[in-house]
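Model the placement of chains B, C, D, E and F on the given structure of chain A, informed by the hints.
Protein chains in written order, with full-length UniProt numbering: chain A, 1 to 67; chain B, 1 to 67; chain C, 1 to 67; chain D, 1 to 67; chain E, 1 to 67; chain F, 1 to 67.
Simulated from the structure, these hints should not be mistaken for laboratory data.
A hint or two may mislead.
No copy is singled out in the list; a pair is fine if it fits within one copy or between any two copies.
As the list claims (entries may be wrong) - With a straight-line cut-off of 30 Å between C-alpha atoms, the simulated DSS-like cross-links for lysine-lysine are:
| no. | residue 1 | residue 2 |
| --- | --- | --- |
| 1 | 24 | 35 |
| 2 | 24 | 64 |
| 3 | 64 | 35 |
Protein chains: 6
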Amino acid sequence: MPYVNIKITREGATAEQKATLIRKVTELLRDELGKNPSTTVVVIDEVDTDNWGIGGESVTVRRKRGS
Amino acid sequence: MPYVNIKITREGATAEQKATLIRKVTELLRDELGKNPSTTVVVIDEVDTDNWGIGGESVTVRRKRGS
Amino acid sequence: MPYVNIKITREGATAEQKATLIRKVTELLRDELGKNPSTTVVVIDEVDTDNWGIGGESVTVRRKRGS
Amino acid sequence: MPYVNIKITREGATAEQKATLIRKVTELLRDELGKNPSTTVVVIDEVDTDNWGIGGESVTVRRKRGS
Amino acid sequence: MPYVNIKITREGATAEQKATLIRKVTELLRDELGKNPSTTVVVIDEVDTDNWGIGGESVTVRRKRGS
Amino acid sequence: MPYVNIKITREGATAEQKATLIRKVTELLRDELGKNPSTTVVVIDEVDTDNWGIGGESVTVRRKRGS
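With the rest of the complex left out, here is chain A (with noise of 0.2 Å):
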């Protein structure tokens, strides 16, 4: 019954290893804790890299700072 929130920022994750990561998230879930496959929700939310913040900095910024 878990339900589990994935933010990364969007710079090219393709459908095919979104998928790989819900997958892998929901057995690793079944394994470690016993949680049932078919009510785990797995939610991915890609965000812009001027809207996250690291180091009190964008990571539009440190991108062009190449850290």
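Same frame as chain A, now just chains B, C, D, E and F:
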């Protein structure tokens, strides 16, 4: 003073349907818990079917299989 | 398949009130958007009044002021 | 190590304004709670006015009414 | 740089199980999407069964019915 | 009309510190983006150190290691 976040797959909900949902959820919190509508916030997130998983599969894949 | 998160201040909502809220929100999404109740997830978070702010003040402070 | 999620209506915030917001929220958590900026994450979500409700109405409707 | 929020019902997950979940989700994001583990944040929320609904019922009620 | 959710580890933030945080975040959104304080909502979640991971480890484990 409640905050309600509703996540649904992006599959054509209209502005009218979303306005109705906002109104009725707000009324429900007033009627059941006595919450003040004027400070009740509702945010609807529409999520691409590639980014929503249930049962270990994306909704895109489930729709193709006819589930 | 919707996911609904309802945040309210922790001020004595009963198990019965929360069960009613879960049922009626689920019915609302079925009636307004045709969503399948069997995969509709509702999570209620009850938040201490020290940890909820509106208008720049915590709810604890507002309650003391009589707001 | 904080995680901050800021949701605002999508009404033209610029990359510069969002970068300033990220910086200042990160500084606030350092100054008030001693949190380490290097692991402080800020995510800004911009939400369509059709999808944001307050007082039982969408922001789109409120804007039209002049509220 | 991902942020992962895992919500589960509060039903006795141990610190060891949660530590394993944190480690494996972080590895999964590194392996599938090339995400940097050092800035991957995982937050686990444990939710009372009265506060979690699926199929229009709280988990407390479902457990009593033997579902 | 913004909604801000601040997640921090549960490590003794006082009611006064949280009240200050609520006030200053609300002022920041007014000053930088012109947002109306009266409808700005701030919710602070305090998370057990067993339930917060960064770098693939729980904060409990990191604290023991002296990180």
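- prompt: What hints, given by number in increasing order, does this structure fail?
  reply: Result: no hint breaks.
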